[in-house]
Amino acid sequence: LPFGVIKFKYWIASSEKQVEIIVYPVCLHYARRAKYLTAFGTDPFGNFGWHNYRLDRIVSEQLTILKWGNSQIPKKLFKLWKEGKLPTVEYVEQELEKAWGFNFYLPRDLLIMRFESKFARWYVDDTVRHPTFKPIKYQNLSKLVQKEIKNPQEKQQLLNIIQARSPQDAYYYGWIRNGDINVLMRLRDWRPKGEVIAPISIREKLILEAEQELANYD
Numbered sequence: 024l025p026f027g028v029i030k031f032k033y034w035i036a037s038s039e040k041q042v043e044i045i046v047y048p049v050c051l052h053y054a055r056r057a058k059y060l061t062a063f064g065t066d067p068f069g070n071f072g073w074h075n076y077r078l079d080r081i082v083s084e085q086l087t088i089l090k091w092g093n094s095q096i097p098k099k100l101f102k103l104w105k106e107g108k109l110p111t112v113e114y115v116e117q118e119l120e121k122a123w124g125f126n127f128y129l130p131r132d133l134l135i136m137r138f139e140s141k142f143a144r145w146y147v148d149d150t151v152r153h154p155t156f157k158p159i160k161y162q163n164l165s166k167l168v169q170k171e172i173k174n175p176q177e178k179q180q181l182l183n184i185i186q187a188r189s190p191q192d193a194y195y196y197g198w199i200r201n202g203d204i205n206v207l208m209r210l211r212d213w214r215p216k217g218e219v220i221a222p223i224s225i226r227e228k229l230i231l232e233a234e235q236e237l238a239n240y241d
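First residue of the sequence shown: 24, per our numbering; consecutive thereafter.
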């Protein structure tokens, strides 16, 4: 959209407050039963980059269009325009293809899942999640970790977990956007029949959630 930049008031549900947003609009998406504006600029938390904005949380009655050269436009964004390097829809599509998760600007991490074989046959096999999410043989897991995990401590931790697991179970791997709520909700739904082996950060988060849930029944 070459006409310029847009300004609007946006509602942040987590902090229950409104903030002013100034961004370059790139495209619209429908996901998780809601419509989103994918835009580039200063996000609701003050960071410069990509963000998906829910349309029903835009509280301004009208969008304000700022022409290029307006002093309110972030300098970094203006510089991209001057250099002809504004973000594109094609870039968004490429990033969505690289990993499972609508928030394509979040870190891309390796996902390794273990399922009970019967559960996998009924609820995981032949389902559509993301092109990168595929079954993998148990004997190939260690090679995958050796190749993709750079942190030595995390690599050894994952290898130890894999060694302690049964070759008879079903295993899947893929790439996810770490922090994407939609992906996290799916991983929660697979509990307790699905074990997140990697990434370690999500594994530890789900362990803590399971412990907190169990404590409710003390």
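Be a bit skeptical, because a hint or two may be false.
Dumping the calculated BS3-like pairs for lysine-lysine here, alpha-carbon to alpha-carbon at most 27 Å [stated by the list, open to error]: (1) K141 <-> K108; (2) K216 <-> K228; (3) K166 <-> K141.
In case anyone wonders, no lab produced these hints; they're calculated from the structure.
Hints not upheld, ascending by number: 1
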